[in-house]
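Peer 1: Protein sequence lines correspond, in order, to chains R and H.
Anchor point for the first sequence: position 285 equals 286 in the working numbering, and the numbering is continuous, going up by one each time.
Anchor point for the second sequence: position 311 equals 312 in the working numbering, and the numbering is continuous, going up by one each time.
It is worth saying that the hints were derived from the structure and are not from the lab.
Among the hints, erroneous ones may be present.
Said to hold, decoys possible - Taking lysine-lysine and the PhoX-like style, the derived pairs with C-alpha atoms no more than 25 Å apart in a straight line are:
| # | chain 1 | residue 1 | chain 2 | residue 2 |
| --- | --- | --- | --- | --- |
| 1 | H | Lys-235 | R | Lys-235 |
| 2 | R | Lys-235 | H | Lys-321 |
| 3 | R | Lys-161 | H | Lys-66 |
| 4 | R | Lys-27 | H | Lys-161 |
| 5 | R | Lys-235 | H | Lys-353 |
| 6 | H | Lys-246 | R | Lys-235 |
| 7 | R | Lys-112 | R | Lys-161 |
| 8 | H | Lys-235 | R | Lys-321 |
There are 2 protein chains.
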Amino acid sequence: MRLKEGEEAVRRVLGEIHRRGKVGTKDLARATRLPTPVAAAIRRELEKAGLVARKGGAILTETGKEFVEGVLGMVADHRKTEGSIGVPPVHEPILEKLRDYSSRRPSANPKLDQAHATPETALRRALYMLDGGNLAGRNALFLGDDDLTSVAAGLLRVAKGITVVDIDGRLLEAITGISEKEGLGIECVLHDLREPLPEELRGAFDTFLTDPPYTIPGLELFLSRGIQALRWRKTSTAYLAYPDKPPLEMLEVHGAINWMGLFVDELIPRFNMYIGAEILGNTTSMFRLVVTGEARPIITGPFRGGIYTGELRPTTRVYKCRCGEAIEVGSTKRFTTVEELKSRGCPSCGKKEGFRLAERRRAD
Amino acid sequence: MRLKEGEEAVRRVLGEIHRRGKVGTKDLARATRLPTPVAAAIRRELEKAGLVARKGGAILTETGKEFVEGVLGMVADHRKTEGSIGVPPVHEPILEKLRDYSSRRPSANPKLDQAHATPETALRRALYMLDGGNLAGRNALFLGDDDLTSVAAGLLRVAKGITVVDIDGRLLEAITGISEKEGLGIECVLHDLREPLPEELRGAFDTFLTDPPYTIPGLELFLSRGIQALRWRKTSTAYLAYPDKPPLEMLEVHGAINWMGLFVDELIPRFNMYIGAEILGNTTSMFRLVVTGEARPIITGPFRGGIYTGELRPTTRVYKCRCGEAIEVGSTKRFTTVEELKSRGCPSCGKKEGFRLAERRRAD
């Protein structure tokens, strides 16, 4: 192990495999907050040492189990956080409909950072809003909705009004079709949120939910438009889906939320699950945000910068340190920027200078 | 209703009673984020209107139920967030011991903002740490521990080391006694955290948990000491218990956490329950914090300011507006300071000036 944090990293990897029983490399990387290549390297080393085996994912061998429990003193997990907010059986008919509508919606457009949430996720979101007193009798706004959360909310038939704003005409057509067939009265507004919020949507809603592009400008833009859409900013509630990113990026995410005058009231990891796309282990956290009296949209005019993942971080860069170490820099890597790499130093030799750009490649 | 936000406030009060079935005024105020007198006034108005009755707490009458469900379109709650992390039956013997030890610990010293968590809470905290991979085989630090969380953690018998730092000698004596009897090896350090962290505790721990004084300086001080105690600051985990305060104060709490380079990874409302003291509805939230590479203790030297509730906000003040409205100002009130009252205006007439101090009283 050439890592400075070798022992800690190995412990995390072993702990996570122990906790889950079986885990793939991407999930392992995400859960341990290690870069994927590092997690993969550790897994390989542990395989060589006979502690870990592969069987559709990393598992502990008998020796591995003894080591983890006997030497490291870990005990098996007793609790599942995932899906703790389940779908009660009474809502099974709604889930059936959602499954059907979901399977027929237009395919996800990755250029718009679309990635479809599962029908269960859409319904659990709607129930979570309901549970917080923010759906029944309320005017709810969905800022971008390829997840069909608006349809799930509509099918609960308790909201006063449901509005969807989206840039994707195909999607709005699908939602309008469902809404008409089911009599949900969902209002669809075709609008690019990079443009100012339409006048008629301002100050018109009790709450909003968004699963925005997973970039800081995307987050700031969607939250800004959402804040402007609220009727009452003192203690309204907003819902945000956002993935686990590297620590320093999460620090920035929370900083932006704070700066805009919102605070996290509840945060549920792995709440949202997605179909297909292998984005960040296919789950995101659910943030329930309180919109305080100090809330302010930090973007009010048109926004001309990039907001989508592809626009902002098109490549992973590989830097070579003088010591020979190759270090990946990019949004899903341990170092988001070369500045960060320089300030924290080479993970192998610790030097803070002398990095050479060796390779650029499209982000996977 | 003379409130500007009358409709919204009434809706929240009705929604909360509907959701809970029966609820006391303090809980009602906390859950609706309304000042207690306002929540009480609304409850009285609703009683007069025949929508609410009192029966060991506010309940909905039949008319009230019809109104809430028929007119406001609310539906009953389907989920309990409280206690979702329960104590598995296998740990019942530990809980029994904790109940016994808890009943014999020294009484809470309110001058030190002590308020004893329930034995169940202490054990659920320890299990939560365990679940996150932060107890088994780890060196854990408890910054202040009149809750006996260290004992709960010790009784799980998985940690590498457990250390308690507290200003209260009586408490440390009790913990030492329990530790010796049970063979837990808990290390107790008598120390006032307003003084710099003892050299031997710096960089020595994998994680820490604190239920600090519920003031911004108290929070900043305890987190600063905790950060200094950590061995590895890149993605370590810290646990913080903190109550629901008024929105602008919560914004400040989250701002301080962000400023110190930590971010919220999971936030569970109403996780911690307390015996006796009627503090903020007797529950606090549990924050699981990630300590990033940017983490820094913002207080490193001795701290000479106030940190306890009594030191910082000894009184509630009542201001009279020219319109006749009496407005309470204080840490647990809607307006934390008179500056806030002036900037937001009288809740009755909206004027932003002409307030006269009518009364000062010790905070309850």
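Peer 1: None of the hints should be skipped; say for each whether it holds.
Peer 2: Outcome of the hint check:
1. H:Lys-235 with R:Lys-235: Since the Cα atoms of Lys-235 (chain H) and Lys-235 (chain R) sit roughly 35 Å apart, the hinted pair is violated (cutoff 25 Å).
2. R:Lys-235 with H:Lys-321: holds (22 Å)
3. R:Lys-161 with H:Lys-66: Holds: Lys-161 (chain R) and Lys-66 (chain H) sit about 18 Å apart, inside 25 Å.
4. R:Lys-27 with H:Lys-161: Since the Cα atoms of Lys-27 (chain R) and Lys-161 (chain H) sit roughly 29 Å apart, the hinted pair is violated (cutoff 25 Å).
5. R:Lys-235 with H:Lys-353: Holds: Lys-235 (chain R) and Lys-353 (chain H) sit about 17 Å apart, inside 25 Å.
6. H:Lys-246 with R:Lys-235: Holds, at about 14 Å.
7. R:Lys-112 with R:Lys-161: Given that 25 Å is the threshold and the Cα spacing comes to 33 Å, the pair is violated.
8. H:Lys-235 with R:Lys-321: Given pair Lys-235 (chain H), Lys-321 (chain R) holds - Cα atoms ~22 Å apart, limit 25 Å.
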